[in-house]
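Protein chains in written order, with our numbering: chain A, 1 to 170; chain B, 171 to 590; chain C, 591 to 910.
FYI, nobody ran anything at the bench for these hints, they're computed from the structure. Owing to the predicted nature of the structure, the values given are computational and were not obtained by experimental measurement. For glycine and all other residues, C-beta sits at the position ideal for the given N, C-alpha and C. Treat each hint with caution, since some may be false.
[Claimed, not checked] Sample of chain C residues with no beta-carbon within 10 Å of chain B, all distances over it, derived:
#1 E636
#2 R644
#3 R658
#4 D678
#5 M700
#6 H751
#7 T782
#8 V808
#9 G818
#10 D820
#11 M832
#12 L837
#13 A878
#14 Q884
[Claimed, not checked] Sample of chain C residues at the chain A side, in silico, Cβ under 7 Å:
#15 T625
#16 E627
#17 S628
#18 G631
#19 V637
#20 V640
#21 P641
#22 A903
#23 I904
#24 G907
#25 A908
Here are the chains, one letter per residue:
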Amino acid sequence: MSEHLLPDAELLFATLKERMAPAIAYDARLVGVYSGGAWLADRLAAELDGEHPVGYIDVSFYRDDLATSGLKATVRSTQIPFSVQDAHIVLVDDVLFTGRSIRAAVNTLFDYGRPASVQLAVLVDRGGRELPIAADYVGAPLIVARELMLALDRHDDGTFVLTTEPWKAR
Amino acid sequence: MKIAIRNGRLIDPASGSDRQVDVFIAAGRIVAIGEAPSGWHGNRDIDASGCIVAPGLVDLAVHVKRGTLATEMAAAAAGGVTSMVCSPDTDPVLDEPGLVDMLRWRAQSFHGARLHPLGALTKELAGEQLAELSKLSLAGCIAFSQADKPIVDHQVLLRAMQYATTFGFAVWLRPEETHLAKGGVAHEGEMATRLGLAGIPSSAEIIALATHLELARVTGTRLHVCRVSTADAVEMLREAKRRGIRVSADVAVHQLHLTDVDIGHFDTQCRLTPPLRSARDRDALRAGVLDGTIDAIVSDHTPRPDGSKQLPFAEAAPGASGLETLLSLTLRFADAVGVDPAQALAWITQRPAGVANLSAGRIALDAPADLCVFDATAYRIVNRAGLRSAGKNSPFLGYELPGVVRATVAGGHIAYELAA
Amino acid sequence: MLARKNLQLNEHGDLHHLLAIEGLPRRIIERILDTAESFVGINEREVKVVPLLRGKSIFNIFFENSTRTRTTFEIAAKRLSADVVNLDVARSSTSKGETILDTIANLTAMHADMFVVRHSESGAPYLIAQHAAPHVHVVNAGDGRHEHPTQGLLDMFTIRHYKKDFTRLTVAIVGDVLHSRVARSQIHALTTLGVPELRVIGPRTLLPLDAERLGVRVFDSLDEGLKGVDVVTMLRLQNERMSGALLPSASEYFARYGLTPQRLALAKPDAIVLHPGPMNRGVEIDSAVADGAQSVILPQVTFGIAVRMAVMAILAGATR
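Construct all of the structure, not just a fragment, from the sequences and the given hints.
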């Protein structure tokens with residue numbers, strides 16, 4: 001919708017990458033949360049130094065809002081092609097808001113093993129937390145009206161863009 | 171009781187009369203049509219403005235169970251039915267004169283419709299030993315039947331027909347070959363296949379009918395074929411009548427409207443005996459009524475408690491409550507096939523009376539005062555609360571149907587009157 | 591009147607009950623299969639449980655005994671973290687005068703969220719769905735000879751897994767189609783998913799008279815019917831039908847309709863063989879086929895859990 005009012009996602013991505021580069025473990029595994037977080041994890045793995053295997057999580061089966069929102073129409077398979085046990089994991093998501101998706105993602109992760117550590121990297125932190133969750137790496141904080149859903153989109157050439165739209169009424 | 175029915179349109183299929191005229195009733199009989207008898211002082215005036223005044227309906231197929239006679243008599247009155255032929259499959263079966271006496275005596279106490287029992291053709295309807303047909307006839311049975319329990323042994327059937335014919339008794343049979351119908355709950359066809367319901371093939375009816383017609387021919391039996399449901403059976407009846415076999419037939423009114431497709435998602439209101447059949451069968455049944463092959467339209471009134479319908483389809487009790495929808499469904503049928511109500515009324519008055527050899531079903535001087543006053547242009551929605559029958563089971567629940575009965579006069583009594 | 595509306599879908603067009611494949615839109619079948627893909631991965635993990643249906647109560651109500659089917663539903667429900675209660679009603683309480691609807695009312699009073707129902711009479715799950723509280727979901731786990739929709743869906747999942755594209759397949763269903771709820775569900779699923787050629791093969795005593803009206807080609811000969819097929823489903827022949835007026839004997843049936851390696855060779859070389867189980871080896875299927883390379887009978891069982899998880903998850907997320 002009003003893309004031009006939102007910050008340039010590519011700049012935020014550069015900032016996020018800059019902040020992660022010196023801080024994350026050389027062999028940290030990146031686990032992206034579908035769908036925006038998965039794209040970010042792919043780009044980060046490609047552009048950060050070191051060996052960063054990538055996994056993907058769909059949190060649909062771990063959500064706490066099934067009764068009100070139902071099961072998402074298209075659930076993707078969680079794919080974690082490495083051992084989570086004793087690994088250093090960085091969860092990657094596009095937007096940190098209430099914290100509920102991250103709670104679901106952490107729970108998902110633990111059903112695959114007991115990691116040595118879990119950190120959180122997000123492109124945008126829009127505040128509004130409902131759980132005691134904070135990100136370790138943030139591209140930028142951003143204030144967005146509660147009525148709007150903020151999400152990452154990806155152009156055909158692979159570049160990122162932020163979009164807003166009203167929450168889907170069910 | 172002296173009753174005047176004023177300003178109505180009198181339709182009497184028996185005499186062919188259709189005119190605006192008043193009817194006067196006294197001592198259970200029609201005493202004048204047109205001008206009031208001299209010195210008339212009526213007890214009651216029924217205003218029939220805008221209504222049809224017709225003979226009380228004659229329903230050849232009513233099932234009554236012990237304990238429900240009061241509600242079913244009320245249902246008959248509300249449906250405009252003043253003569254009903256009841257099936258012998260009561261509990262106990264009508265195979266003893268004492269039971270027939272008792273049933274008739276109890277029915278008379280309601281001052282409603284005249285109840286004409288069919289006697290059991292064989293003891294307990296078991297199809298083995300003949301019932302005492304002569305004694306049953308003296309007790310008031312108008313004919314003899316096996317209800318829904320066919321005689322499997324054709325030798326027994328042959329002898330039953332021979333014996334009945336000795337005394338001139340008519341035999342009423344519903345044609346169904348037991349083994350072909352065994353276990354079936356729906357018309358054998360695409361619908362039953364889709365729903366995974368065991369089918370009753372059309373051949374079950376056709377084979378039994380062929381047997382019945384042949385035995386009736388050789389014995390000279392006056393045969394009435396009950397509840398015809400298939401196209402081929404209609405054609406066989408047409409041919410039999412053409413050949414001069416003494417046969418009459420009736421059809422349940424729901425068969426003229428519904429098909430097996432109406433079962434939908436296992437609607438047990440459509441669990442009926444015989445089953446609802448295909449659209450081709452329904453069309454043939456309609457044609458059979460129109461050309462006179464089928465003599466009468468009946469309700470096949472079978473009240474069932476709710477519990478017996480709130481079961482999986484095959485386990486649900488078959489049958490529908492029908493006394494209170496017979497008139498409306500006949501009018502709707504008439505409308506669908508483009509027939510005038512005056513002609514349609516014959517199928518539920520004069521013609522069935524003829525089949526059962528009853529003096530009812532006509533409006534004439536000195537005839538029994540059995541009349542039905544109804545508004546053919548008014549509509550009503552069939553619903554549970556509106557049904558007086560103990561059986562709230564009808565495939566037509568929720569349907570909006572034409573024809574509202576305003577008053578029913580049975581034997582000179584006002585058996586039913588719609589509250590103004 | 592109630593019985594005439596589509597009970598399965600709510601006003602949003604979402605699945606509210608799963609009663610039959612017939613009448614299910616293609617998008618819903620595909621959504622169930624897609625969701626099941628995600629559950630396949632979960633069933634391969636060490637921790638095979640997700641918290642999706644935590645706090646939900648699922649009642650397996652089996653008016654007809656089937657330990658096998660009940661177990662698959664039980665596992666599926668437990669892997670979704672639901673509380674599962676098994677009731678083997680198996681006619682005992684209904685014969686004591688308690689009706690199906692009494693049973694359902696009692697269970698609803700216990701705050702059930704979902705009923706998984708098996709019954710020997712066609713249509714019983716419809717009766718339950720019509721009378722269940724609005725928030726309760728009903729899953730048909732097999733009703734009489736009507737449908738067995740979750741079996742049909744797991745068969746579709748299996749076929750898709752091996753064959754990908756339904757619109758290029760020739761599929762044969764062999765055996766007692768007349769009495770088979772599995773066959774009905776498969777036929778409706780396969781036609782909805784666009785299979786261009788669907789065959790049923792069997793003696794005429796075991797095929798419905800109007801089989802063609804369901805959109806299938808009827809073959810009397812197994813050899814003829816198997817030619818060029820991609821998928822073969824062998825139906826179970828019930829013991830009580832093996833001798834009598836339907837069939838003279840099990841061995842004569844096997845001689846004409848048993849799937850042997852020689853006969854399977856008439857199908858395409860990469861044809862797969864399905865069976866809903868439990869198998870009668872030597873009656874409808876030769877052991878060499880059942881245990882052979884083209885058999886996908888065990889994967890069917892594995893996928894069955896994922897498909898039932900998908901159905902339960904989607905239903906539990908539907909609101910009325």
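Violations among the numbered hints
none
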